[in-house]
Amino acid sequence: MSENSANKFGFTINPSRLINYDTSDRKVRDYVTRKEPSFKLCFACGGCTAACTAGQYTSFNLRRMNTYIRRGEIAPLREEVTRCMLCGKCLLVCPRGVNTRNVVAVASEAIRKFERNEL
Amino acid sequence: MSAAVKHIIVAGGGVAGMEAAGALAELGHRVSLVEKEKKPGGHLLQWHALFPDHRPADEVKHYLNVRIKNENITLYTGTGVEKIKHHGHEVVVTLTDGTAINADAAIIATGFDLFDAHRKEEYGYGIYDNVITSAELEDMFTAGKVTTTDGSIPSRVGLVHCVGSRDEKVNNNHCSKVCCVTAVKQAIEIRKQLPECEVFCFYMDMRMYGPYYEELYRESQEVYNVNFIRGKVSEASVNINNRLVIKVEDTLAGRPLKMELDMMVLMVGMEMSKSGTLLAEASGLKRGVNRFLETGDHHYGNNLSSIRGVFYAGTCTAPMNITDTISHARAAVSETVRYLNSR
Amino acid sequence: MNSELFVIPFNFGLYFILIYSVVRSTIWFRNLSRADKLRLQRGFFGKPFMQSIKEIFMESLLHRKMFKRNAMLGYMHMSLAFGWFLLIVFGTIEADTFSARHFNPPSHSIFFRAYNPDHGAYGLERVFSFWMDFLLAFILSGLLLAMLKRFIPGMMGMKKTTKHTWIDRIALLSLWLIFPSRLLAESFTCGAYGSGSFLTGNLGSALASVLPAGDIAPYFWWLYSLALGTFFFLLPVSRYFHIPVEMFLIFMRNSGIKTGDKPSSYTEVQAHACSSCGVCISTCQMSYAAGINDMQSAYFIKGLRNEKDIAAITANCLMCGRCEEVCPVGIELGPMRMIERRQGMRDVRPLKFPEGYALTRKRNFLERVPTQSYSYLADEEPVKADVLFFAGCMTHLTPSIIVAMKKIMDSAGVRYHFMDEKGGVCCGRPLMLAGREKEARELINHNSDIIWKSGAEILVTSCPICYKVFNESYYLETRVMHHSEFINLLIEEGSLRLGYLHRKVVYHDPCELGRGSGIYQEPRTVISYVADLQKSPQEENMALCCGGSLGNLTLSSGKRALIAADAARILTSSSPDELITACPLCKKTLGQATEIKVTDIAELVAAALPRPIPLAKTRTKKILAKTENNG
Amino acid sequence: MKIDGKKRIWAEYQKDIPDDHFFYVRSCIRQTFFAGSEQTFLKIMRDDLGKDMFEDPRHTTCTGIGYHGDIVPFETIQTVVARHFALATEAGYKNIAISCVTSFGIYTEILETWKHFPELLAKTRESLYEATGRTFELPESIAHASDIIYKFRDEIARKAKYNLVDISTGKPLKVVEHIGCHYAKMFPNYGIGGAEFPHVLVGMIESWGGDVIDYPERRHCCGFGFRQYLVQANRGYSVFATRKKLESMEPYRPDMIVANCPGCAMFMDRWQYTIKEIDDVTYGHDGQGIPVLTYEEMAGLILGYDPWKLGLQYHNVQSLPLLRKMGIKADPALRFLAKDGSRLPEPANLINS
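Quick mapping for you: the protein sequence lines, in order, are chains L, R, B and A. For the record, in the first sequence the residue sitting at position 8 is 8 according to my numbering, with numbers rising by one throughout. For the record, in the second sequence the residue sitting at position 109 is 109 according to my numbering, with numbers rising by one throughout. For the record, in the third sequence the residue sitting at position 301 is 301 according to my numbering, with numbers rising by one throughout. For the record, in the fourth sequence the residue sitting at position 330 is 330 according to my numbering, with numbers rising by one throughout.
The following block holds chain L by itself, in its conformation from the complex:
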């Protein structure tokens, strides 16, 4: 559809960037919160992201990843979660004692389950 319309009009309709909280799926969030309750404590200071080892090489941003989990934005989360090296450096930085490393571990597990409809 989009190709021939592109040929026809020279453009396609832009996809939405909107986070639609009423349609997004928050099963992953609930799973992560259940498996790693400290996740709730994040107040998005970004300390983890500042310290992040993987963050020096790629756009990985744990703070934003947490936000995606909370909002049920699976697509960007799937992308984001793979980049972490699980080195655990962020654990030592978090002012709220969030078990950040396990948040990633659990999130990646949750994504897998989500894709196998096990959530």
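No wet-lab data here; the hints were simulated from the structure. Since the model is a prediction, treat every value here as computed from it, not as a measurement. Beta carbons are placed, not taken as given, at the ideal position from N, Cα and C, and that holds for glycine. Careful: at least some of the hints might be erroneous.
[What the hints assert, rightly or not] Straight-line distance between alpha carbons at most 27 Å, and here's what the computed DSS-like set of lysine-lysine pairs gives:
hint, chain 1, residue 1, chain 2, residue 2
1, R, K145, A, K7
2, R, K145, R, K69
3, R, K247, A, K7
[As the list claims (entries may be wrong)] Output of the computed footprint for chain L on chain R, the stretches with three or more beta carbons under 8 Å from beta carbons of chain L:
hint, segment
4, 215-226
5, 247-257
Since chain L is already given, all that's left is putting chains R, B and A on it; use the hints.
Leaving out everything else, chains R, B and A in the frame of chain L:
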């Protein structure tokens, strides 16, 4: 200090005025406490529970009422203060009902007005059902049930911070200080009353500056699963089911966010009170940033006015929580006494 | 004695378990890799054989390790195991000596007294029946202790004791019944015939004086036989299966079979060789410091045996390795857990009662697809250097260590390249600990490439976590050294001029460096060289974990703090001036748990440096020469 | 929804609209795509309401599209607008009636600017004089043409031949009103009803018997957005914005959309075809599309004008079902006839033709 009994007029019977009057009467002075409403107590009257510990507001109301039960205090209600001027050794105070009272000194404690939510038209306060103010939510707590206008239990409530604060569009650049922690307190109370109800706070910054505030914030996440979204709500509308639809940027995701709500609570901030403004204009009192009364010195003269014998107490000078208001009122009393003795 | 029917339960049980054990071990053998098969064969017909026999005697019968740990606990196990062993041996001899035919069925000796009620009147018979009574008493004394232990674990230096399944309970009950019932059976018989020695004889006559002993005796022989039968029959599905399996394990281990990195019959044998004695539980800091009592190795192994869902247990372990040190059966608990962590998600179905007898396990794992991917890592510009310094992620949060190392290497004139000065790629160990082997490989390859291209002779790291993985999972010709080793080397070859600091210090062995990599001596040598090193209550192979371990994925910060506080309390009990460690993670974790200054060994040494004087470059040449000799 | 709340706001945002004598400035887009509308407006004003509307053929584009497209500098556009004022002054008119919302925005912006920066006014007078030798007075009032219809909405209602009512059921039609962004979002006080809850179209719809739909994306831009439309590669944003509005109003099953901005009417109509082509989606009752009318066309229908003289047939979404609903007799066969009665080619790809 001189044993002579002096007469002091306290303009405004809110927290600051009552504390100041009580403290002066305690020292044996004669006090005329002037309150424009039917009964003293100010905004505290409509509060159900107080942050950060959810203590019943009645406890503080009770404390203040006992404080002003003193034969040295004459209470004038239903009349405001129109004008104060210094004359000879005295201050002359004109009430709104025309009567003029002479006194040795006066304390202005005219307090604040809550921001009128109508002025943020885009939030549709007074137009959409279920858009209410934090004060109205307190009434619901007092009534013991939080419901939408059709009487049903809300399944999702949003609390919008900084309504009328930190917003040059309504000509208020100041932070009202108490709204963030009030929002967190109210969010917890909603979750306590309606465990099934999702609660969201839409904030620009979380300003948890006081003792136990940060703890309350943490508790709201850890125990009550209150959600926080960093972004200023830009507008509200209703959909075909008469459910509120709000737009906000989720600044942490860097993307616009849309959410349906059953109830939207506007955390209305503090503004210089209208009565206080009129009084200041009539009496030629200087007003400072954001139209609150300008004090003699921000650091060591925070109760001093530009008129001899006239002092400031409480939120007529800046937004304050109850704790600070009471301390500020006591400071005003000590300034007043110092003035009276030095005369 | 008219009927002999009562031997039936015993015989049934005995022959069942004999056959079962043979079949099961054959299958285990068959499932071994070819290499391991050969190992085991050589082990059986070679030198290791005697070693194994000796070990079986020392451990399975005498329970030497148990004795070392706690005399009473040792005695308990010894009296039961060794006592029972002797009872069988001498029972057989007795039966053999005093019966008409030789080579009688086992039941003959087990129920000897039942067949020969009047036996033991005089001469050699007397001696024997005395000796048999003595052995029985010996066992019963142990049994008494065992029962006490159930109810007051504390008495044997055990902080916690294992919780059991209902099968274990029945097995336990039958085990407990065996000897009392034998005692009573024999006593009644002796009472009826006026035979028996100091125990059975006296008890017998006492009983006979009030009861019709002759009529009652058969019931107890039945009970005795039933107890034995039940016990034997339940053996494969109860914890007591460890008794035969442990011997098999000893043979396998002594023939040099290792756990490896995937499930095998060796891991299965290890799982079955666990006696759930609970020593691991009481050694575990998560238990006594953080009050977590259901995640320890005993439960891990039990879950593994019974196919339970142990995902949570598997993840919730510090991987400090203390339990492995004390395991009396010598199970490789660390590697066992790592294997489990490496497995993908699987649909778990706990075994129901009879399934425990199944001869082979089929564990249907889903192939674990990598959850992480580092395709974004680009190749880096190679830098030539003699010595590479890799600080490690954590070390970047303790800059004082980096500064110290720079000082030391400069003052020794080491020509080094700071590999991760701008923050490098993670070493991969944390991923391994999280069971993400494939992903870890990606990082390992990336780093290996940099190291190879550098052509460095030595790779120095300040982080034991990196150290372990560099050593074990990287293929390098570069010699890997933890900075404590490297500093020691510099001192030995005289490149460092150090003063003496008059400080009383205690050294904390980081798990990954000590138990993990066997580096105990070098740090101590270095520290004693510059300061007054005190002993700490628990060190070297029994050193404590600081609680910060990356081995544990799920432990909350609160619980970690509890462990750290407890460890710090013990480490600083002699109130030293400083607590020395050799790991940035330990430094950070312990630092938050004690008032006493926590210093990295590098910082300590740097403090002992004189004002830095540039030294001849030839120094490093010396180092390199030395390292070549070392291998 | 509390109507009192809205009334309260509408009360705050009222503006004085002169009663008569207007200098009318046309709109580039409206006269190109909705030629009938401007004709109708003048006809209504002159014939039905007997007002004096003056047009000067020398008046030009305000260059607003060029201005918002970053092609025309502010100085230039000020001078162009000044010239229009000059024409009005020369003709002796003090009230400007503006057909285009973009122009309306430009005019208000410039007048506000001059209020705060008199030096710019002086400079503009200079440049205009240098360029054309013209001088000008500032107008006493500027009104958007929709403001004027709004003012006379009740008078029109009295003359009405039809109402915004479904004659088969007697129920009011569901009408979506769309206000051009530049009508009040920049200067709320210049728009009737302000920026958040404009009343200008609501007033007409309600006094002509229709029901207004207040849907979540009511405030959202139609998608024109100048840069979004003018640069072909950006048109995806433009369509996206329109689709967002259509999706949001869809559940209310609207009978028509009315816009006071020519651009909005144009895009909300044409993009429905584009969306049909790309997404294969058409909105409205059983996929008949949602007719988009200008307020002039709406007023024309009310007053019983011939739909084909209004030019409804030149919309992409044809409005036959709507006309039927309102009980307006209109023969589809007569849609595409020239003045002389000869048949014009029928445009392709009309929705619900």
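Here is how each hint holds up against the structure:
1. Between K145/R and K7/A the alpha-carbon distance is near 30 Å, which puts this suggested pair outside the 27 Å criterion.
2. Annotation: proposed proximity of K145/R to K69/R is violated, straight-line Cα distance about 34 Å (limit 27 Å).
3. For the suggested pair K247/R and K7/A, the alpha carbons sit about 24 Å apart, so the restraint of at most 27 Å is met.
4. Counting residues of the segment 215-226 of chain R whose C-beta lies closer than 8 Å to any C-beta of chain L gives 5; at least three are required, and the coverage claim holds.
5. Given a C-beta distance limit of less than 8 Å, the hint that chain L covers the segment 247-257 of chain R holds, as 7 residues qualify and 3 suffice.
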